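Throw the hints in and build the complete structure from the sequences for me.
Single-letter residue listing:
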Amino acid sequence: MTQEMAAGRTRAKLSVSDMITVGVFSALYFCICGVAMLIVNLCFGLPGTILLPAVTALLAGPVFMLLAARVRRFGAITVMGVVLGFVLFLAGHFATSLVTAIVFPLLADCIAQVGRHRNRIALMASYAVFSFGCAGPIVPMWMMRGAYVASLQRKGKDTATIDAIMANVNGTSLVVVIVATIACALVGGWLGLRMNRRHFAKAGVA
Amino acid sequence: MLASRGPLYLDPRTKLAMVVSSNLLMFLHAPASIEAVAAVLFAVPLLAGPRRGTGVRMLGLYFGLVAVQFAVAPLVGALPWLHLLGATAAALCMMLPCMIAGLSAVLTTRPGDFVCAMRRMHVPTVVVVPIVVLMRFFPTIRHDWRQIRHAQRLRGGTRNPLDALDRTLVPLLMNAVTVAQDLTVAALTKGLGADGPVTSLAQLRLRLRDAVAMALCAVPVVLALFL
Numbered sequence: 001m002t003q004e005m006a007a008g009r010t011r012a013k014l015s016v017s018d019m020i021t022v023g024v025f026s027a028l029y030f031c032i033c034g035v036a037m038l039i040v041n042l043c044f045g046l047p048g049t050i051l052l053p054a055v056t057a058l059l060a061g062p063v064f065m066l067l068a069a070r071v072r073r074f075g076a077i078t079v080m081g082v083v084l085g086f087v088l089f090l091a092g093h094f095a096t097s098l099v100t101a102i103v104f105p106l107l108a109d110c111i112a113q114v115g116r117h118r119n120r121i122a123l124m125a126s127y128a129v130f131s132f133g134c135a136g137p138i139v140p141m142w143m144m145r146g147a148y149v150a151s152l153q154r155k156g157k158d159t160a161t162i163d164a165i166m167a168n169v170n171g172t173s174l175v176v177v178i179v180a181t182i183a184c185a186l187v188g189g190w191l192g193l194r195m196n197r198r199h200f201a202k203a204g205v206a
Numbered sequence: 001m002l003a004s005r006g007p008l009y010l011d012p013r014t015k016l017a018m019v020v021s022s023n024l025l026m027f028l029h030a031p032a033s034i035e036a037v038a039a040v041l042f043a044v045p046l047l048a049g050p051r052r053g054t055g056v057r058m059l060g061l062y063f064g065l066v067a068v069q070f071a072v073a074p075l076v077g078a079l080p081w082l083h084l085l086g087a088t089a090a091a092l093c094m095m096l097p098c099m100i101a102g103l104s105a106v107l108t109t110r111p112g113d114f115v116c117a118m119r120r121m122h123v124p125t126v127v128v129v130p131i132v133v134l135m136r137f138f139p140t141i142r143h144d145w146r147q148i149r150h151a152q153r154l155r156g157g158t159r160n161p162l163d164a165l166d167r168t169l170v171p172l173l174m175n176a177v178t179v180a181q182d183l184t185v186a187a188l189t190k191g192l193g194a195d196g197p198v199t200s201l202a203q204l205r206l207r208l209r210d211a212v213a214m215a216l217c218a219v220p221v222v223l224a225l226f227l
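Going down the list, the sequences are from chains V and X.
The first sequence begins at 1 in full-length UniProt numbering and counts up one residue at a time.
The second sequence begins at 1 in full-length UniProt numbering and counts up one residue at a time.
Wrong hints could be hidden among the right ones.
Claimed, not checked - Which bits of chain X does chain V cover? Going by a derived footprint, with three or more residues having C-beta under 8 Å, they are: (1) 16 to 28; (2) 98 to 108; (3) 121 to 131; (4) 137 to 151; (5) 162 to 170; (6) 178 to 191.
Hints were generated in silico from the structure; no laboratory data involved.
Quick caveat, the model's predicted, so the values are computed rather than measured.
All residues carry an ideal CB built from backbone N, CA and C; glycine is no exception.
And the structure:
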């Protein structure tokens, strides 16, 4: 197996050891996601949730990069995304988290594959795309606004005020979220590669 | 964490149907009355089992937020900033039935039954194994985290956030790699890498109570569709 990795060849199937590695790293990623959720909610309240992918991207870079270094095979990144989406779904997040958790990691896996899971630029790009995988839980934020406005209308309230506030936020917030996530993912990915080089390569685990 | 198999022990697939139902309700913007009934319904597996406290707390939170919404509604005309409070409460209320259903599914199911149910639903092994490992690994992360915090306090902290990230993540990841290797050895010993059909100690059957539970879960969705 080690020789295969050294030769840069990639087998089609993930071995048992790969699957377990993916599981362990998914758990770590999930915990970091939870920490990021805590941070954004404490700092910005519930609307801060839209920054969840960005903060996660900033912190979870080392997890992603070490996984990519441990399992240089097509499929590992996709499976990690699918597992995370499934756990988020079970933890009571909206089903959109399942959709984003399949589409974006699959794309990320393809990008990493182009760089043969070694090219640093490909890995950084792959991580940036992967980071949108945990954008699923924030999609309902846009829907909830509709629900709140609808509930106000049912109670016969004037919705002009709330519409004015939220419409203003909504138009730009999507762009802000995307730009922030990509920027944070690039920083986080760089941190991950740096940590790989400085700590894990020396210890012989990356 | 272990759920006992009482007369109310539901098949994991039934609980999955419950989670799907809660998601559909959120998608359909169910009226508040249906949402409240659904929240209570989804909490039943928690209330019936050893996780009663969690169920009571979640329902308390839900109805507390409903109360906030009702308290805020007559005042927003005079104080527009209360919209923020109302919107937050409404958003949380909308998510809570989903979370309650998810907690019911995860906290009241034995891991073995969970694996068996996933295999029955033809989830590929490449997804089943990581999910099981992930669930088993959470307590380890918590334990490691405490140890790392302890060591950091002992040696004195750092003001540099980059160093702080290094000093937390490097030990966590190092340990993750070691645990992954140990688990691989253990799993291979137990025949995880073997070819051929996998048998299961857990025997799962959809019983009458599962059918009743699924029908009950479908009721709020149908009501939300046609009301």
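Hint check results:
no. : hint       : in the structure
1   : 16 to 28   : holds (count 6)
2   : 98 to 108  : holds (count 8)
3   : 121 to 131 : holds (count 6)
4   : 137 to 151 : holds (count 3)
5   : 162 to 170 : holds (count 5)
6   : 178 to 191 : holds (count 7)
Of the numbered hints given earlier, the model fails none.
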